[in-house]
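Let the hints inform the model, and build the full structure from the sequences given.
Number of protein chains: 2
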Amino acid sequence: MSPMRRWISLAICLAVGAAIWFSPVPEGVTENGWHVLAVFVATILSFILRPYPMGTMVLTGILILVLTHSFVDETSEKPSKEALAYALAKSYGDTTVWLVVAAFLISGAVIQTGFGKRIALVLIRLLGRTKLGLAWGIGAAELVLGPFVPSNTARGGGIVAPIVDSLCRTLANNDEGKRRNSVSSFLILTGAHANLITAAMFLTGMAANPIVSKAADEVADVNFDFVTWLSGSIVPGLIGLFLLPVFLRMLVKPSGIDVGAARGKASDELDAMGKMTRNEWILLGVFVLMLSLWCTARLHGIHTTVVALGGVVIILLTGVQNWKDMAKNHAAWDAMIWLGGLVMMAVALREFGVITWFAENAKGWVGEFNPLTATLALALIYFFSMYAFSMLTGHINAMVAAFIAVAVGVGAPPLLIVALLAYFSNLCGSLTHYSTGPVVIYFGMGYIEAPRWLKIGFLVSLFHLVIWLGIGLPYWKLLGWW
Amino acid sequence: MSPMRRWISLAICLAVGAAIWFSPVPEGVTENGWHVLAVFVATILSFILRPYPMGTMVLTGILILVLTHSFVDETSEKPSKEALAYALAKSYGDTTVWLVVAAFLISGAVIQTGFGKRIALVLIRLLGRTKLGLAWGIGAAELVLGPFVPSNTARGGGIVAPIVDSLCRTLANNDEGKRRNSVSSFLILTGAHANLITAAMFLTGMAANPIVSKAADEVADVNFDFVTWLSGSIVPGLIGLFLLPVFLRMLVKPSGIDVGAARGKASDELDAMGKMTRNEWILLGVFVLMLSLWCTARLHGIHTTVVALGGVVIILLTGVQNWKDMAKNHAAWDAMIWLGGLVMMAVALREFGVITWFAENAKGWVGEFNPLTATLALALIYFFSMYAFSMLTGHINAMVAAFIAVAVGVGAPPLLIVALLAYFSNLCGSLTHYSTGPVVIYFGMGYIEAPRWLKIGFLVSLFHLVIWLGIGLPYWKLLGWW
Numbered sequence: 001m002s003p004m005r006r007w008i009s010l011a012i013c014l015a016v017g018a019a020i021w022f023s024p025v026p027e028g029v030t031e032n033g034w035h036v037l038a039v040f041v042a043t044i045l046s047f048i049l050r051p052y053p054m055g056t057m058v059l060t061g062i063l064i065l066v067l068t069h070s071f072v073d074e075t076s077e078k079p080s081k082e083a084l085a086y087a088l089a090k091s092y093g094d095t096t097v098w099l100v101v102a103a104f105l106i107s108g109a110v111i112q113t114g115f116g117k118r119i120a121l122v123l124i125r126l127l128g129r130t131k132l133g134l135a136w137g138i139g140a141a142e143l144v145l146g147p148f149v150p151s152n153t154a155r156g157g158g159i160v161a162p163i164v165d166s167l168c169r170t171l172a173n174n175d176e177g178k179r180r181n182s183v184s185s186f187l188i189l190t191g192a193h194a195n196l197i198t199a200a201m202f203l204t205g206m207a208a209n210p211i212v213s214k215a216a217d218e219v220a221d222v223n224f225d226f227v228t229w230l231s232g233s234i235v236p237g238l239i240g241l242f243l244l245p246v247f248l249r250m251l252v253k254p255s256g257i258d259v260g261a262a263r264g265k266a267s268d269e270l271d272a273m274g275k276m277t278r279n280e281w282i283l284l285g286v287f288v289l290m291l292s293l294w295c296t297a298r299l300h301g302i303h304t305t306v307v308a309l310g311g312v313v314i315i316l317l318t319g320v321q322n323w324k325d326m327a328k329n330h331a332a333w334d335a336m337i338w339l340g341g342l343v344m345m346a347v348a349l350r351e352f353g354v355i356t357w358f359a360e361n362a363k364g365w366v367g368e369f370n371p372l373t374a375t376l377a378l379a380l381i382y383f384f385s386m387y388a389f390s391m392l393t394g395h396i397n398a399m400v401a402a403f404i405a406v407a408v409g410v411g412a413p414p415l416l417i418v419a420l421l422a423y424f425s426n427l428c429g430s431l432t433h434y435s436t437g438p439v440v441i442y443f444g445m446g447y448i449e450a451p452r453w454l455k456i457g458f459l460v461s462l463f464h465l466v467i468w469l470g471i472g473l474p475y476w477k478l479l480g481w482w
Numbered sequence: 001m002s003p004m005r006r007w008i009s010l011a012i013c014l015a016v017g018a019a020i021w022f023s024p025v026p027e028g029v030t031e032n033g034w035h036v037l038a039v040f041v042a043t044i045l046s047f048i049l050r051p052y053p054m055g056t057m058v059l060t061g062i063l064i065l066v067l068t069h070s071f072v073d074e075t076s077e078k079p080s081k082e083a084l085a086y087a088l089a090k091s092y093g094d095t096t097v098w099l100v101v102a103a104f105l106i107s108g109a110v111i112q113t114g115f116g117k118r119i120a121l122v123l124i125r126l127l128g129r130t131k132l133g134l135a136w137g138i139g140a141a142e143l144v145l146g147p148f149v150p151s152n153t154a155r156g157g158g159i160v161a162p163i164v165d166s167l168c169r170t171l172a173n174n175d176e177g178k179r180r181n182s183v184s185s186f187l188i189l190t191g192a193h194a195n196l197i198t199a200a201m202f203l204t205g206m207a208a209n210p211i212v213s214k215a216a217d218e219v220a221d222v223n224f225d226f227v228t229w230l231s232g233s234i235v236p237g238l239i240g241l242f243l244l245p246v247f248l249r250m251l252v253k254p255s256g257i258d259v260g261a262a263r264g265k266a267s268d269e270l271d272a273m274g275k276m277t278r279n280e281w282i283l284l285g286v287f288v289l290m291l292s293l294w295c296t297a298r299l300h301g302i303h304t305t306v307v308a309l310g311g312v313v314i315i316l317l318t319g320v321q322n323w324k325d326m327a328k329n330h331a332a333w334d335a336m337i338w339l340g341g342l343v344m345m346a347v348a349l350r351e352f353g354v355i356t357w358f359a360e361n362a363k364g365w366v367g368e369f370n371p372l373t374a375t376l377a378l379a380l381i382y383f384f385s386m387y388a389f390s391m392l393t394g395h396i397n398a399m400v401a402a403f404i405a406v407a408v409g410v411g412a413p414p415l416l417i418v419a420l421l422a423y424f425s426n427l428c429g430s431l432t433h434y435s436t437g438p439v440v441i442y443f444g445m446g447y448i449e450a451p452r453w454l455k456i457g458f459l460v461s462l463f464h465l466v467i468w469l470g471i472g473l474p475y476w477k478l479l480g481w482w
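Those protein sequences? They're chains A and B, same order as listed.
Residue 1 is where the first sequence starts when you use our numbering, and the numbers rise one by one after that.
Residue 1 is where the second sequence starts when you use our numbering, and the numbers rise one by one after that.
No wet-lab data here; the hints were simulated from the structure.
Just to be clear, a hint being listed does not mean it is correct.
If you want the footprint, here are the derived chain B segments under chain A, 3+ residues with CB under 8 Å [said to hold, decoys possible]: (1) 66-80; (2) 89-103; (3) 172-182; (4) 292-306; (5) 311-317.
Mimicking DSBU-like on lysine-lysine, the simulated pairs with C-alpha atoms at most 35 Å apart in a straight line are [stated by the list, open to error]: (6) A/K81 - B/K117; (7) B/K178 - A/K78; (8) A/K324 - B/K328; (9) A/K324 - A/K275.
C-beta: ideal position from N, C-alpha, C; glycine also.
Below, the structure is given as structure tokens:
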């Protein structure tokens with residue numbers, strides 16, 4: 001970005017923030033709450049205009065709020081220290097933020113040891129006897145890694161995409177001219193869209209998912225933790241992952257190439273990796289242990305984040321990864337900084353009355369609606385509003401809390417609207433070729449032109465809606481979510 | 001470390017921790033407090049035996065305490081989540097921990113831009129007309145960088161030591177055989193010992209200093225913040241830095257080499273660096289701004305950590321360092337993890353009654369003493385007990401809280417004992433050639449043999465005691481600290 005454009009973008013964010021900050025504070029909102037809203041809106045806007053990375057803008061936002069003592073009332077004797085203590089405790093002391101940090105740290109070991117790559121190759125060799133099988137193998141790899149690699153970019157773009165690319169090149173006999181064939185299109189699209197389904201399935205499937213979980217807690221008083229998230233996504237998610245290749249095959253009609261070579265390539269790469277190392281076996285054990293503990297949380301009560309920290313400690317004590325290498329996993333600290341700041345702002349917005357005020361007013365704006373119709377309408381608007389965003393994370397941050405508030409205001413079943421928004425937050429990434437890291441990476445490999453990607457993306461989005469509404473709605477009814 | 005030795009070390013830590021954990025809980029201490037003490041002692045012991053890096057052991061300690069619900073009482077309905085929330089909020093949500101993290105992030109930019117190196121070279125060129133002048137230049141570089149580079153290893157070992165080494169090589173005409181001469185010894189010893197004086201002078205001069213500050217707060221109710229710390233250290237610190245080369249010249253008797261070449265070398269290196277870049281000018285501005293705000297905190301009330309975060313944000317927004325590079329500063333996150341966990345344990349020890357219990361009992365153990373005699377005796381024991389440790393950080397963590405508690409128990413003036421232990425925590429690093437990172441690095445350059453380093457180190461320790469007691473005590477009396 002040119003310095004000029006950067007400064008203009010930054011000025012727009014500041015201007016919007018200042019406009020809110022200095023406008024009259026509505027009744028029912030505290031002045032502090034209003035100021036948090038101003039900085040929150042400016043921060044979210046900066047995620048869209050992107051003058052700087054998210055970490056920079058979140059730290060700037062925190063600094064402004066602390067310097068203006070926006071977290072403490074006027075009677076405070078040490079306003080600077082108290083405002084800072086509030087900001088830090090609610091951000092970098094938050095349990096959900098540390099779930100993501102821990103999962104990031106674990107995924108670093110999964111990537112460094114090659115265990116993630118091995119999982120993908122094993123599944124592709126296992127399932128890849130046909131074109132459909134290859135695609136299912138890719139989806140299965142995404143599914144297994146989903147809970148443990150919370151950067152969907154690291155999972156899709158870092159682990160799976162290079163393998164898919166290598167399969168496609170093998171299928172084209174490494175002939176650059178033959179690379180853009182129908183089978184490659186099929187596999188590339190499967191990789192990209194499967195990544196979004198697994199991102200939707202797990203609280204730890206995408207770095208910004210905890211934002212939805214936090215908003216559910218703060219706005220709708222809904223505890224949408226790891227198990228709840230997964231219990232709602234498991235059925236439509238698995239069906240979606242299974243049918244995605246079938247649907248894409250209809251659209252792309254892959255033909256003319258025998259995929260045996262691809263499976264052979266996966267097999268060769270696996271052979272080249274040799275036997276499972278001690279470290280990979282330990283990681284497999286950690287995966288099984290963590291997933292078991294996560295899914296049985298209601299029996300033993302160990303918090304999801306504690307389980308994840310346990311995984312981190314096992315990895316460190318067994319020497320699968322040493323602390324020095326783990327501390328170098330900068331993606332974890334990046335996520336901690338931006339996610340922590342946003343989580344803190346979400347908490348402050350509720351604590352200072354902004355959410356209640358917004359929800360109260362939303363009732364008036366939206367008027368009388370059948371709650372279920374309103375819920376579905378809001379969910380669909382949320383889904384397709386992604387066209388106006390360049391990034392899933394920005395979309396989630398900008399919209400999700402407000403949409404939950406409006407929906408609850410018009411009487412939507414809280415769990416239903418949270419579930420719809422949680423899953424749609426990731427599935428809507430199917431719409432464009434620039435919605436999130438792995439999509440950008442798959443698209444950037446150059447197998448598919450932008451217009452075609454957009455067209456197929458739109459059809460895949462309808463496919464998602466059919467499954468997640470057609471099967472999801474009855475299923476969630478069964479769960480008692482509405 | 002061999003796996004065998006590693007497991008034995010770990011087993012010793014676990015055994016000691018378990019012995020405390022399962023021994024009868026003394027009256028006046030809660031069971032939770034006793035468990036925190038057990039894990040705290042095992043963690044500190046692990047810093048000395050070092051089966052794993054500090055980050056690994058601290059995370060393990062936190063995990064054990066959270067899994068055993070040691071931070072919540074039995075009535076808690078969600079003990080796992082509440083224990084985790086307590087642990088995270090008191091560690092990674094702590095304001096002092098983030099002072100160190102922010103300073104680490106700033107020092108990353110100081111190193112990356114070469115600004116730290118330039119400061120050192122400028123001061124050496126400015127002052128280095130004689131042997132003494134060269135040494136003062138080295139001390140001045142340490143002094144200027146002291147407040148901003150909280151890893152004394154990064155400051156001494158990373159910025160200053162390579163320059164000192166290069167000066168020494170120049171003085172020996174790059175002749176390996178002539179490298180170990182008296183002038184080199186003089187400069188190397190100055191570099192190592194000046195680093196310890198500046199580490200003692202600033203709360204942000206050494207990564208573990210906040211442990212002292214936190215212990216002062218928790219144990220003696222003394223607010224030993226950046227300004228208080230510096231107001232007590234500025235007079236003996238500056239005198240010590242000024243006289244150190246004079247004292248070392250007496251011991252080493254550097255002679256026979258004209259130092260003009262060294263100053264010329266510094267000058268050449270400066271010329272090679274070219275003019276101050278825009279980024280360096282901005283960093284200079286950040287230094288001046290931060291130091292001004294830190295030292296005038298009582299006028300404007302902005303918390304030290306908020307000022308440091310301001311420095312971070314300025315560096316990011318001006319592009320002196322971008323967020324991606326800053327997030328890669330793993331030393332900052334390493335420090336956050338271990339320092340945060342220890343700070344949390346210190347808080348828990350007080351909140352659960354362990355500190356009060358220890359201090360009450362210490363009175364009985366120590367018996368009746370003149371409080372001032374006892375204070376000095378404790379401070380000296382603390383100082384020379386460093387001989388039994390291999391690392392300043394381990395020494396501080398193991399001893400400082402207990403020593404403050406005992407001293408306060410026998411009626412020591414709280415500010416005085418805190419000051420003595422704070423400064424001695426770093427100055428005692430003079431005793432050995434392996435006490436802390438930069439000392440290890442200077443020693444490891446091979447200019448001085450171990451027996452000689454130990455002998456001179458002992459004499460330097462006496463030099464420190466003469467200054468910090470002979471001048472420090474009357475000066476702190478003037479400040480009203482006793």
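Which constraints among the numbered hints does this structure fail? Numbers only, ascending. 3, 7
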